[in-house]
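Undergrad: Quick note, the sequences are listed as chains A and B, same order. Under numbering that gives the first Met the number 0, the letters of the first sequence match residues 0 to 133, in that order. Under numbering that gives the first Met the number 0, the letters of the second sequence match residues 0 to 733, in that order.
There may be inaccurate statements among the hints.
[To be verified] In silico lysine to aspartate or glutamate, EDC-like type, Cα no more than 20 Å apart, as pairs: (1) A:K54 <-> A:E133; (2) B:K35 <-> A:E133; (3) B:K406 <-> B:D289; (4) B:K632 <-> A:E133; (5) B:K403 <-> B:D325; (6) B:K124 <-> B:E328; (7) B:K724 <-> A:E133; (8) B:K406 <-> B:D521; (9) B:K491 <-> B:D265.
These are computed hints drawn from the structure, not numbers from a lab. Remember, predicted model here, so these are calculated numbers, not experimental data.
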Amino acid sequence: MNNVILRASLPIVLPLITIFSLVILLKGHNEPGGGFIGGLLASVAWAVYAIGTGKKTFFMNLNALLAIGFLISLTSAGYSVFMDVPFMTSHWGGPAFYLPTIGKVKLSSVFFFDLGVYVVVFAGAARMLRSFME
Amino acid sequence: MTYLLLCVPLLCLALLFFAQPLVGTTAGTWAIDWVKALELTISFEFNPLANLFALVIAFIGFWVYFYGIQYMKKYEGTGRFWFFLSAFMISMLGLVMADNLIAIFVFWEFTSICSYFLIGFFHEKEESRDSALMALLVTGLGGIVLLGGFIIIGVAGGGYDISTLMANQDRLLAHPHAQIGLILVFIGAATKSAQFPFHFWLPNAMAAPAPVSSFLHSATMVKAGVFLMARLFPLLSDLPLWTPLLSIVGGLTFVWGGFIAITEYDLKSILAHTTISALGFLIMLLGLGDDYSLKAFCLFFLAHAFYKAPLFMAAGIIEKRYGTRDIRELGQGLKDDWTLSLAMMIAAISMMGLPPAVGFLAKEAGIEGVLSHPMALTTIVIGAVVNFVAALKICQGVLFGKTKKEKVYEPGLLISIGPFVLATTGLLLGVLTFVYEDLLVAQVLAYFTGVEHNIHLALWHGLNAPLAVSAVAITLGLLTFKFLGASEALVKMVRKLDFIAPSRFYSYILNGTLKLAALFTDNYQSGYLRRYQMIIMIAASGLMASSIIQFTPQFLELRIEFHIVDVFLGSIIIFAACASLITETKIWVIALLGIVGINVVLFFVIYGAPDLALTQLLVEIFTLAIFVFALNKLPEIKTITPAFLRSRDVAISVFAGILFSFLTYLSFTTNIQDTYSSYFAENSYILAHGKNIVNVILVDFRGFDTLGEIAVLLMASIGVYILLKKNKGAKDHE
Numbered sequence: 000m001n002n003v004i005l006r007a008s009l010p011i012v013l014p015l016i017t018i019f020s021l022v023i024l025l026k027g028h029n030e031p032g033g034g035f036i037g038g039l040l041a042s043v044a045w046a047v048y049a050i051g052t053g054k055k056t057f058f059m060n061l062n063a064l065l066a067i068g069f070l071i072s073l074t075s076a077g078y079s080v081f082m083d084v085p086f087m088t089s090h091w092g093g094p095a096f097y098l099p100t101i102g103k104v105k106l107s108s109v110f111f112f113d114l115g116v117y118v119v120v121f122a123g124a125a126r127m128l129r130s131f132m133e
Numbered sequence: 000m001t002y003l004l005l006c007v008p009l010l011c012l013a014l015l016f017f018a019q020p021l022v023g024t025t026a027g028t029w030a031i032d033w034v035k036a037l038e039l040t041i042s043f044e045f046n047p048l049a050n051l052f053a054l055v056i057a058f059i060g061f062w063v064y065f066y067g068i069q070y071m072k073k074y075e076g077t078g079r080f081w082f083f084l085s086a087f088m089i090s091m092l093g094l095v096m097a098d099n100l101i102a103i104f105v106f107w108e109f110t111s112i113c114s115y116f117l118i119g120f121f122h123e124k125e126e127s128r129d130s131a132l133m134a135l136l137v138t139g140l141g142g143i144v145l146l147g148g149f150i151i152i153g154v155a156g157g158g159y160d161i162s163t164l165m166a167n168q169d170r171l172l173a174h175p176h177a178q179i180g181l182i183l184v185f186i187g188a189a190t191k192s193a194q195f196p197f198h199f200w201l202p203n204a205m206a207a208p209a210p211v212s213s214f215l216h217s218a219t220m221v222k223a224g225v226f227l228m229a230r231l232f233p234l235l236s237d238l239p240l241w242t243p244l245l246s247i248v249g250g251l252t253f254v255w256g257g258f259i260a261i262t263e264y265d266l267k268s269i270l271a272h273t274t275i276s277a278l279g280f281l282i283m284l285l286g287l288g289d290d291y292s293l294k295a296f297c298l299f300f301l302a303h304a305f306y307k308a309p310l311f312m313a314a315g316i317i318e319k320r321y322g323t324r325d326i327r328e329l330g331q332g333l334k335d336d337w338t339l340s341l342a343m344m345i346a347a348i349s350m351m352g353l354p355p356a357v358g359f360l361a362k363e364a365g366i367e368g369v370l371s372h373p374m375a376l377t378t379i380v381i382g383a384v385v386n387f388v389a390a391l392k393i394c395q396g397v398l399f400g401k402t403k404k405e406k407v408y409e410p411g412l413l414i415s416i417g418p419f420v421l422a423t424t425g426l427l428l429g430v431l432t433f434v435y436e437d438l439l440v441a442q443v444l445a446y447f448t449g450v451e452h453n454i455h456l457a458l459w460h461g462l463n464a465p466l467a468v469s470a471v472a473i474t475l476g477l478l479t480f481k482f483l484g485a486s487e488a489l490v491k492m493v494r495k496l497d498f499i500a501p502s503r504f505y506s507y508i509l510n511g512t513l514k515l516a517a518l519f520t521d522n523y524q525s526g527y528l529r530r531y532q533m534i535i536m537i538a539a540s541g542l543m544a545s546s547i548i549q550f551t552p553q554f555l556e557l558r559i560e561f562h563i564v565d566v567f568l569g570s571i572i573i574f575a576a577c578a579s580l581i582t583e584t585k586i587w588v589i590a591l592l593g594i595v596g597i598n599v600v601l602f603f604v605i606y607g608a609p610d611l612a613l614t615q616l617l618v619e620i621f622t623l624a625i626f627v628f629a630l631n632k633l634p635e636i637k638t639i640t641p642a643f644l645r646s647r648d649v650a651i652s653v654f655a656g657i658l659f660s661f662l663t664y665l666s667f668t669t670n671i672q673d674t675y676s677s678y679f680a681e682n683s684y685i686l687a688h689g690k691n692i693v694n695v696i697l698v699d700f701r702g703f704d705t706l707g708e709i710a711v712l713l714m715a716s717i718g719v720y721i722l723l724k725k726n727k728g729a730k731d732h733e
């Protein structure tokens with residue numbers, strides 16, 4: 000696709016959308032957002048980039064990323080079993096820190112679960128898109 | 000390096016010496032909780048019977064490994080072979096030590112599965128695969144019947160531990176269904192131990208490599224059924240059905256297997272049929288169940304293990320060395336390998352029941368028990384005669400024949416050590432009876448009868464009736480061999496009788512099942528996406544409709560007030576959706592569906608669901624992006640299906656649409672929603688530390704759903720990847 004404006008704006012837009020998707024992921028716990036929306040947004044950002052530049056590669060193997068994301072979720076959900084509490088019991092022992100505009104982010108099992116959702120949704124959606132592109 | 004494999008049976012042997020203090024002679028010393036909710040405990044008991052079987056399994060196992068290391072040298076995939084052989088041995092050891100019926104069943108199935116992989120080791124041969132499948136299906140189906148029997152016995156006796164059942168024996172035996180339990184268990188044991196009419200899988204199992212055959216026929220697998228009946232002897236032998244069932248089926252198998260054996264010319268086939276015969280004898284002895292028969296059971300178990308293993312090993316060596324197993328082509332094997340020939344002769348002596356081998360002791364004890372039963376005595380004499388003839392036939396054919404077959408391969412002389420040691424052990428067991436008579440015979444007898452026994456085995460008991468019967472049997476055997484051994488008439492007669500053998504029914508049932516499965520699959524799994532969608536849609540809507548039809552009155556009473564905005568957005572959605580059906584341009588369809596989606600987003604925004612609105616919006620964009628790429632590949636919209644099919648599809652769609660509207664309306668009428676949403680609203684921050692209820696529900700309260708959903712997403716994404724990749728690959732081939 001040969002659109003000058005799109006190509007010129009992409010280097011600025013792509014990082015912005017990606018960062019925004021991460022913000023949505025982190026904010027999700029207290030305000031609208033979360034892993035699912037964040038992941039979708041990131042995949043759409045990547046799709047726009049791919050359409051604009053014609054570059055279909057992502058810096059890592061999407062299939063592997065898909066598996067990694069699922070493993071993150073599964074681990075954060077499943078490790079409670081080893082602490083003699085039921086599967087998926089949330090754990091809030093992690094440290095908390097403050098980020099500008101987002102507020103307090105606490106590293107909990109729930110956060111990692113959401114992170115896994117983000118990665119799976121991103122990789123899954125991008126994987127599908129790329130399958131159609133090829 | 001491969002000799003390190005010997006550690007496996009050595010470890011098992013070593014463990015047996017520690018098993019007594021570890022597992023304990025009484026049940027329950029060592030138990031593993033398996034499924035607490037079902038009160039399933041895998042408990043072990045190391046009783047004298049287990050001791051007898053475990054010692055033989057581990058000892059023969061050691062020599063099978065030793066033999067197998069030589070035998071398997073030239074083959075590929077030996078890692079798999081050794082893994083399954085070890086698993087086979089260990090599950091067999093587990094089986095003989097288990098106290099719990101369910102644990103016995105699990106180990107039982109393990110041996111079936113291992114034997115499947117071992118028999119099918121040469122998987123590139125069709126014969127090998129078929130034999131493996133046959134063994135798996137026959138013993139596996141038998142296993143299911145066995146489980147049924149176990150459950151009946153467990154329910155009747157109030158527990159699955161044999162020790163518990165022993166305590167409740169009176170209650171169990173008085174239960175009206177105990178007989179049915181016995182029949183089912185016996186069917187399971189009969190499939191495993193190749194009893195008539197399930198014996199047909201065992202001769203086919205000779206497609207396995209020789210180490211497996213010798214292990215399978217002597218100490219493992221087929222002995223599992225015999226072991227099980229022996230294990231349950233103290234518990235169930237007082238049932239009136241026990242003696243007739245076991246002794247008739249066993250006796251029939253004993254004679255039948257022997258008769259087929261003497262008409263065969265394939266060395267392994269002769270041996271396999273004599274195994275069937277021997278298993279029948281063991282079952283028959285258990286069925287008779289008097290002290291002499293039980294003594295004969297212990298002795299014959301030992302005898303058979305120590306002559307069948309070396310003979311099968313010898314058959315494997317001979318096949319390697321001369322490239323054939325047909326005893327008509329062999330002969331003069333004596334000159335090539337003295338060790339092996341000697342081993343075969345010693346094993347044959349035990350098989351014929353001649354002194355001083357342990358086979359003689361077993362036969363004498365067996366005869367002594369049935370002196371007053373003419374039927375049983377006749378059976379034993381006939382069985383002894385045919386086994387005698389079979390053993391003679393093997394020796395004569397392989398060692399003293401007239402033809403001289405040239406060697407095609409020399410497996411080395413080391414390979415003959417295993418059979419030699421095992422055969423010699425069988426001979427020594429007949430002579431040095433004082434070594435084992437207490438541990439392996441008297442104590443096992445005490446296990447069977449519950450009474451202490453003092454047993455002295457000796458080769459010479461003086462001139463008595465059993466000796467006379469033995470002499471008659473040997474004379475008859477010699478005469479039969481002389482006059483009928485090579486007779487074609489006998490072969491033809493036995494072959495004619497073979498029509499009652501159920502191997503034909505096996506193939507009918509197998510082919511019928513395959514045809515039925517193909518018929519079902521062709522219609523149900525058509526391979527058309529639209530057909531799948533239709534099936535899913537009809538099934539899901541139908542199931543839902545059947546369960547929500549009861550809410551119809553509530554639905555009719557429902558009145559909802561529409562806001563002006565609802566009417567406005569709703570009519571846009573309806574208009575766009577209808578227009579998308581009529582239009583014949585792809586771009587327009589996409590655009591109109593986009594309008595529908597965006598208006599739904601507006602609904603979400605108006606009614607305060609920012610998360611949903613955001614998600615819906617992104618999904619719309621994402622769908623659009625996919626369409627951008629797929630647009631060129633999609634076909635033009637054309638009407639190709641006939642009108643009645645289109646109306647059918649319309650009917651299905653309308654039905655599904657109405658159903659979902661119905662569901663949505665229904666959600667207003669029930670109060671469930673209120674209680675849930677207020678619970679989530681109240682506890683979202685307290686329990687889950689989050690202010691965004693939607694996200695808290697997604698990742699915490701209903702996190703399990705999300706986990707399932709991302710798993711589905713993962714699979715769907717891989718599915719898309721593979722589907723598109725596959726099409727691409729197909730094009731490349733064209």
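Undergrad: So, for every hint listed, does it hold in this structure?
TA: Verification of the supplied hints:
1. A:K54 <-> A:E133: holds, 11 Å
2. B:K35 <-> A:E133: Outside the cut-off at roughly 52 Å; violated.
3. B:K406 <-> B:D289: violated, 50 Å
4. B:K632 <-> A:E133: Given that 20 Å is the threshold and the Cα spacing comes to 11 Å, the pair holds.
5. B:K403 <-> B:D325: Status holds; Cα separation ~13 Å.
6. B:K124 <-> B:E328: violated, 24 Å
7. B:K724 <-> A:E133: holds, 9 Å
8. B:K406 <-> B:D521: violated, 52 Å
9. B:K491 <-> B:D265: holds, 16 Å
Consistency note: the structure conflicts with the earlier hints numbered 2, 3, 6 and 8.
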